[in-house]
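Undergrad: Chain by chain, the residues run as shown.
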Amino acid sequence: MSLANLARLIRRTGRIAEPAPEAPPRPDDEATAALPRALRGSVQVRHVDAGSCNGCEIELAAAFGPVYDAERYGARLVASPRHADAVLVTGVVTRNMAEPLRLTVAATPQPRVVLAVGDCARSCGAFRGAYGVVGAASDVVPVDLSVPGCPPAPADIVAALRRVTGR
Amino acid sequence: MSVAPLVVALVQVTVAVAFAPLVVGVTRQTRARLEGRVGPGVLQPARDLRKLLAKTPLRAAGTSPVTVVAPVVLLTSSLLLAALVPLVAALPLSLVPGDLFVAVSVLLLGTVAIALLGLDAGSAFGGMGSSRHMTISALVEPTVLVSVYALSIPVGSSALALIVAARRDHPASIASPAGVLAVVALVIVVIAETGRLPIDNPSTHLELTMIHEAMELEQSGRDLAWVDLASWLRLSVLLGLVGNLVLPWGVAGSAGFGPVLLGALALAGKLALLAVLLAAAEVAMAKLRLFRVPELLAGSFVLAFLAVTASYLVA
Amino acid sequence: MSTPGSAATQLIALAAGALLVTSVLLVWRRDLSAQVRLLTLQGVSLAVLAATIGLSGPGSARAELLLVALLVLLLRAWLLPWVLGRRLRAGVAAGDAAREDGARLNPTASLVLVALLTTVAYLVSRPISEGVAADGVGISGPAAFAVPVGVAMVLIGFLLLVGRSRAMSQLIGFLVLDNGIATVAFLTAAGVPFAVELGVSSDVLLVVLILAVLSRRIHAQVGSTALDSMTELKG
Amino acid sequence: MNPVAWGLLAQVVLAVCAVASALATRGHVRNVLAGSACAGVAGAGAVTGMSVLAGGTVAVQVTTALPVPPMVLAPDRLGGLLMLLVGAVGVIASVYAIGYVHGASASRTQWAALALFLLGMQLVPAAGDVVAFLLAWELMAAASTVLVLAEHAHRHTVRHAAVWYAVMTHLSFVLILAGFAALSAAGGSTSFAALAGTGTAGAGATVAFVLLTVGFAAKAGLVPLHVWLPRAHPEAPSHASALMSAAMVSLGAYGILLVGVRLMPDAPTWWAVLLIALGAGSAVYGILHAGVATDLKRLLAYSTSENLGLVVAAIGLAMLLRTHHVPGAASAAIVAALLLLVSHAAFKATLFLGAGAVLRATGERDLDRMGGLVHTMPWTAATFGVGSLGAASLPVTGGFVAEWTLLQALIHGVRPADRVVAVVVPLTLGLIALTAGLALVTFVKAFGIAFLARARSAAVLGAREAPWSMRVPMVLGALGVLALGLLPGPVAAAAASAVGAEGARVAGLGGVELTGVGAVLSPAALVGLGAVVALPALVLVLALARQRPATADVLAWGCGGVRTSPRMQYNATSYAEPVMRIFNDALQPSRDVVVTHLAESTYHAERVRFSQRVDDVVEARLFRPLVAAADALAERARRVQNGSINRYLGFSFTALVAVLLVVAG
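Line order of the protein sequences matches chains A, B, C and D.
With our numbering applied, the first sequence corresponds to residues 19 to 185, in that order.
With our numbering applied, the second sequence corresponds to residues 3 to 317, in that order.
With our numbering applied, the third sequence corresponds to residues 7 to 241, in that order.
With our numbering applied, the fourth sequence corresponds to residues 436 to 1100, in that order.
Chain B side only, calculated, beta carbon under 8 Å to chain D, not exhaustive:
1. PRO59
2. SER107
3. SER139
4. GLU143
5. VAL310
Hints listed in this document are in silico derivations from the structure and should not be mistaken for laboratory results.
Quick reminder that beta carbons are idealized off the backbone N, C-alpha and C, glycines included.
Chain A extracted, bound-state conformation (with noise of 0.2 Å):
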């Protein structure tokens, strides 16, 4: 696509994001006041698929994305868990994922939050019993937020990174 195109096309489109809903009131139950201070306005998370059927992984992509842009309250994806303050736990956890997520969450330096994404981080969801799954994230790590639903909305993962930075 030849410049003159591409500036064109930004042009054409300007703002896809949505109108930032009204932060939500911080519901004052002990799982907000636990969130550290230090996280307020910026979080950096690392995504950890324990075994996802990849239906949260779409709608985090569309979290992180244009239209909901999570990115606008402070909250960014990054690459190495040491550079990160949340670990986003997505999926059931599998045998072969409990180490990785135990070693994720151990190579994040405090303060730190643990976020389990989708019924399936929460409570194994609809994989419960299965023969390869070892259980939900808060069997193997401490979980300190988590957001319903299967998949969640993107709006109820923004709302849930909000919680934590506080914007």
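Given the coordinates of chain A, work out where chains B, C and D should sit on it, guided by the hints.
TA: The following block gives chains B, C and D in isolation, referenced to the frame of chain A:
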């Protein structure tokens, strides 16, 4: 050495440290807007920095003191670079020339520090990034020296401050073929040194395509904060240098309060402009394959070399 | 006579610089359509050069040189690129690649080679330009400093002719070479007489047309215009 | 008798003592006695050099049994500088040898050879005439050959290396002999003082210059005569390679300085251009091979021919600029050449001693099998690191100041009007810049792969730090590198006075000011500035470190993988792969990849074996044919003698007749 230039140098450092996160913020914000996103706002890098300082760093077992020292060395080299390069004012220090070769060596000291940092953890990615980074900075060197050689011919000195001052006083030399070619070559190497597109993708998550990121995969907390701040400083200092070479107006010629303030404001304007341009260009560009990069650098070398020849022709 | 540092000299310097840079970029870029665009740019800067020399010259030469500049603009900046572009689009439509791939020299090497060639040009042509500047033939005193640019363009044109494999890009090399000759002519001999320029240009046009046709025939015969895929003469 | 004469006498006496103690005593006693005696020789040499630099002069005449005029020892300032350099390197190398030598390298002959080698290297710059120079040169060459041969009984590669070295070094001797003969014929004398007047016009001078240049280039390890370096240095014991690479090659450069600057100052342009081409060529070629080398000592050897290349290029630049009337830049260039020489001696000695320590502790020279040595050998790591900084010419080391001076000379040597200068200078600048960049890659690789990360082989895990007798010299060398970088002023001034150029003087805090080009650099001030700007950051770092100490993680991040073995790290070969790929045409490596498939399916590889060799292109293309031709010639020559006594008598008979005829005619 006389005090006034030293004070100005320190002012430059503070200004650079203040601007560096904003410059990165502006590039990210511009990119976000061009992609139809809202973007986190220009203050986001500063927030990231504050948060990183508040975290407890993790260091892999079996790492050497290099892991602790290298980030600080890198930061120091970037700060020193900000003191040596004419950003706010073009006042050469008496004993430490803002000489090109000195500036480049200080820059390379930081490069070596981060390259060793990448090797130290003993992970595969670090070595990969380190090797690529060093190769590129090795190939960049001829272009840097030859292009500034071309710029120094009309001035008769390789001190960057004098070059900028001369261009400010004789604007005709900015549009001369030699000047244009040299600056274009310099821009290419600045992009290579600061790891921007098309040479390196600063926002990649794919380890195998990383150059700069791969070396800091192991860093966390304040270590990462130093590395990030240092590379942001590099970007803004080198952009500032390019800005002062292309639009040398507003650069303070004396150490008074007024001129320096004006210089700082002018610098802010140039940096903002260049950051927006950089982001816009990056949106339109794809990353070059690693082994096409030498081609680009060879091209920049030819441009620098032609600049030298051209400066002879008009001389 | 225009003095060094005057507007005319600046303009000549810029035009010469543009000529040199376009030649380098012609070596650098592989995309043929981009090469054609660069060729247009080169033609324009050549015309600018001729016009500047004409304007800064004595009245007698002025009119003729302006005419030559116009001719250059028409031919080298419009007609030839148009022919080439047309041929290129036809070739692409017929399934030719729009890039110069099978080049014999790898790009990095050829770029470094360009730097060396420029040096050589500078070395050999410095005496010429000094000599011209000394006895100031016509108005070319201050203009003569740019002679090496023309020589360099000739050498780079040859490099393209040698190093490229596609008929199209060899054609481009030939045109760069011719532009170089024209540049040298303008700078040293205070521009060539109108008639000569007309003759030369028409020759060039003829050559280009013939080669364009030929390359189409070749394409029809061999199915590609990679010249080094043809090793024997067909009768 | 003045101090210089005393110094020369002391060297000879101490050398005799060293040889005697080497022959008389045995075991550890021999090492200590002979080692300290050698250190004494070198120390005396250094003191002599200093007193010569301080202005002392002497002319000692020594009559020899040879049918030649008596040899004269009359060092000038330049010679004094070289004596100081050689002496300083000799001291640390000798002390190091006490702790380092073992087995074959601790034998009588080795110690005796070391003493004679040191003496020879001292006498070369002290020589005041051709005879003395050649005798000292031959002593140096022979002794060093013996040193290279040290471990010939254990590794057959040693013998190959020694043969190459012997041939090259004597080739250079012959060329130098012929060159000096031609020069004396042209100048009509054998003493340097008299020869200094020799004009550069005439065939005699040209022949002399070419022969001497080639001869000294062979000793200085310039391409294409460098082939002995990468063979001899890895095989020689490390203290010997340190001496050869830091001191002996410098004498090759001294020879070129002697010819080009002292004896025949006003050189024609093409001499200068020849030197620049020779130097810049070897610089790039040497550093390219160093960049892709995996044998640590081979890497250092190639970097030697790179650095000497830079020195010779600087000398050529100085000659060119002087001939083309740019005196200021010319004197800066000559100062740069000497600074490069001195700083190279410092960091190369340090690096070779460090490599020797690693070799002694692990038995490894192969970088691909090292790693993590910083944990087991911190002292060696620190000193080697400083040496690498110097070799990469980064602040604040001697290499940095030297390269800065050279670039100042280049940038102020611009003369757009002068065609030759206008073309040569930017080309040289580009080549030197490329060299500097590649040197950076090379030494980041050398240090990072050898000392950082995790051990790549079992042998490295068991490494133990070198004993004090080896540590102290290494530390001294490292301190030398830093001192040259921090306070270069005095050295630069001494260098300027050594070549009689008003090129440099001390400015500010031990900084250097190039009076010719009006450029000032005070590394101390640079460090001060750095400290000032870094202070807030450091305070913050320390505060945070106290507030939140780091926690050590178990694993390096391997994408959550648990099976990250040290073999997954980058090694020296893979680190240099991009360089190798970019300069493939120049290096022409031979690779082969062997894939063994599983029996069940050819889609699964059981093992993939990758091997890569980089042969020296010059050696393969230039020397192998020469050697082959020589062999063929020898084969033909052998036919002349078939062992029959009659034929030999026939030969002598014809010879006799021929002589008679000649005498009669």
